[in-house]
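Protein sequence lines, in the order shown, are assigned to chains F and W. When we follow the numbering used here, the leftmost residue of the first sequence carries the number 13, and every step to the right adds one. When we follow the numbering used here, the leftmost residue of the second sequence carries the number 55, and every step to the right adds one.
Watch out, some of these pointers could steer you wrong.
[What the hints assert, rightly or not] Below are the DSSO-like pairs computed for lysine-lysine, each with C-alpha atoms no more than 30 Å apart in a straight line: (1) Lys352/W <-> Lys407/W; (2) Lys20/F <-> Lys407/W; (3) Lys29/F <-> Lys416/W; (4) Lys352/W <-> Lys312/W; (5) Lys312/W <-> Lys20/F; (6) Lys286/W <-> Lys296/W; (7) Lys435/W <-> Lys462/W; (8) Lys29/F <-> Lys393/W; (9) Lys462/W <-> Lys393/W; (10) Lys435/W <-> Lys20/F; (11) Lys416/W <-> Lys393/W; (12) Lys29/F <-> Lys407/W; (13) Lys393/W <-> Lys356/W; (14) Lys286/W <-> Lys356/W.
Everything labelled a hint here was simulated from the structure, so no lab data went into it.
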Amino acid sequence: MNISVNGKETSVPENPKRTIDSLLEELNVSQRLYVTVELNGEILDRPVYETTPVRDNDVIEFLYFMGGGR
Amino acid sequence: MDSKLKFDSLLIHGGSEPGPAGATSVPIVQSSSFAFESAEGLEDVFRGRAIGSVYTRIGNPTTEALERRLALLEGGGTAIATASGMAAITTAVLTILRAGDEILSSSSLFGGTFSLFRDTLSNYGITTRFVDPLDLEGFRNAVNERTRLLFVETIGNPKLDVPDVPALARIAHEAGLPIMVDSTVSTPYLASGSQLEADILAYSTSKYINGTGTTIGGVIIDRGVFNWNSPKFPHFEQFHKKYRNFAFTARARKLVHKDVGACAAPFNSFLLTEGIQTLALRMERHCSSALVLAGFLKEHPKVAWVRYPGLEDSPQHEVATRLYGGRYGGLLTFGAGDKPSAFKVINGLKLAKNLANIGDAKTLVIHPASTICADYNIEEKTLMGVTEDLIRVSVGIEDYRDIVEDFKNALDSI
Chain F
13 MNISVNGKET SVPENPKRTI DSLLEELNVS QRLYVTVELN GEILDRPVYE
63 TTPVRDNDVI EFLYFMGGGR
Chain W
55 MDSKLKFDSL LIHGGSEPGP AGATSVPIVQ SSSFAFESAE GLEDVFRGRA
105 IGSVYTRIGN PTTEALERRL ALLEGGGTAI ATASGMAAIT TAVLTILRAG
155 DEILSSSSLF GGTFSLFRDT LSNYGITTRF VDPLDLEGFR NAVNERTRLL
205 FVETIGNPKL DVPDVPALAR IAHEAGLPIM VDSTVSTPYL ASGSQLEADI
255 LAYSTSKYIN GTGTTIGGVI IDRGVFNWNS PKFPHFEQFH KKYRNFAFTA
305 RARKLVHKDV GACAAPFNSF LLTEGIQTLA LRMERHCSSA LVLAGFLKEH
355 PKVAWVRYPG LEDSPQHEVA TRLYGGRYGG LLTFGAGDKP SAFKVINGLK
405 LAKNLANIGD AKTLVIHPAS TICADYNIEE KTLMGVTEDL IRVSVGIEDY
455 RDIVEDFKNA LDSI
């Protein structure tokens, strides 16, 4: 299955049980408690991470408030 | 592992990551800025797609280690370490309020905070009304359409009154407002932000967190529990849309903290990660010795009065016991009768240092009316509980018998 994660084409094994929450763990995303997830251009509410399935060709962005500045 | 550890273990291990060459202390990353191997890598951090240190005013690995530990100690959330406690309060307040907004604050405040609220912020259209923190109905009735924040100290410095913080939090929440708590005097050891039902905490780490009087620092904790999606907070809309319950931290990190620039120095953050490890042991000693000294002073014929929430006849003994688990902190105040007598006592002390600080391993005293509260008029001093005969004592962790002996000798000499 191919998805886009933070602008990078990413291949993950087929898994019909995969959710946004499990993907965070699978990809070892840093600071999972605080990351914001954007799925196909829409910000997801945190409580639905566990129930939102990941589908082929999904475009996913993990966003942090730590970065930025000059 | 962190979330399973108990408080005393978190003090030592919370937020730790393996250091270079197996180092077990938090490494001091004394660098102003950080190079990236690729343009894409730096772009990702600026866009929020990746975590990385860019510039120490914004974030630094040593400071982030301190921030992770402090957030865990408050029961979870995020932390922003700052240059001082006043920097923390200033940054946190400016993140929430805009010109025309109002703070509803406890009248029992540290002088620096009182000055910030009354004098500095009012020049920029942010006004503050002060209410007796023990008067819950007074707080409830004082909320108006301009109120955007309730602010309270857990144990008022130097008045040492002990408001029912969770009850004040409920009043704030019923009105759709956040409560910000300064827990400098109580520390997360006596009660965490989670136990106090605080939304935001802003406090000094220069005192008990550091513990040895070497470092100035502060911290803002966002527990991530307040819903900023409200017509009262239109300036949070864009941050809430992306960062939901951590909209406060996002707005602080991306705007106010970045723009104000009151960042923690990496070396200071290192000293704080060292000092905090003994917080539990020190607080036990501060509390037990303060109780002994308060009992001694109460019986001394030359002492007019003693204020310490650990004394059973203290008006706030019951609420302090309920909120802080039978520990009452290391601060006490007493009256020497008049100002000349107070000065004689201070001048007669040998062990206790006469200086403007609290929370050191050393026992400290000060005469607030002539020093840290000297700029305030009589009415304001009364509001803050500062009388001309008042001596504030920050009880250290020396042998309690030496502390009592020092005060006995000083009092006997007047």
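Do the hints match the structure? See the list:
A threshold of 30 Å between alpha carbons decides the hint, and for Lys352/W with Lys407/W the separation of about 21 Å falls inside it, so the pair holds. Simply put, Lys20/F and Lys407/W have alpha-carbon atoms about 61 Å apart, too far for the 30 Å limit, and the pair is violated. Using a Cα cut-off of 30 Å, the hinted pair Lys29/F and Lys416/W is violated, with the two alpha carbons roughly 59 Å apart. Note on Lys352/W and Lys312/W: the hinted pairing is violated, with a Cα-Cα distance of about 49 Å set against a maximum of 30 Å.
Of the pairs offered as hints, the one joining Lys312/W and Lys20/F holds, with about 29 Å between alpha carbons and a cut-off of 30 Å not exceeded. Restraint check for Lys286/W and Lys296/W: the C-alpha separation of about 18 Å stays at or below 30 Å, so the hint holds. Using a Cα cut-off of 30 Å, the hinted pair Lys435/W and Lys462/W holds, with the two alpha carbons roughly 28 Å apart. Taking the CA atoms of Lys29/F and Lys393/W, the gap is near 74 Å; set against the 30 Å cutoff, the hint is violated.
Between Lys462/W and Lys393/W, the direct Cα distance comes to roughly 18 Å. Compliance with the 30 Å bound is thereby established for this hinted pair. Under the criterion of a C-alpha separation no larger than 30 Å, the hint pairing Lys435/W with Lys20/F is inconsistent with the structure, at around 62 Å. Under the criterion of a C-alpha separation no larger than 30 Å, the hint pairing Lys416/W with Lys393/W is consistent with the structure, at around 24 Å. Pair hint Lys29/F plus Lys407/W does not hold up; C-alpha atoms about 65 Å apart against a cutoff of 30 Å.
Distance hint between Lys393/W and Lys356/W is fulfilled; the C-alpha atoms sit about 13 Å from each other, no more than 30 Å. Proposed proximity of Lys286/W and Lys356/W is contradicted: the alpha carbons are some 53 Å apart, above 30 Å.
In this structure, the earlier hints numbered 2, 3, 4, 8, 10, 12 and 14 are contradicted, and the remaining ones agree with it.
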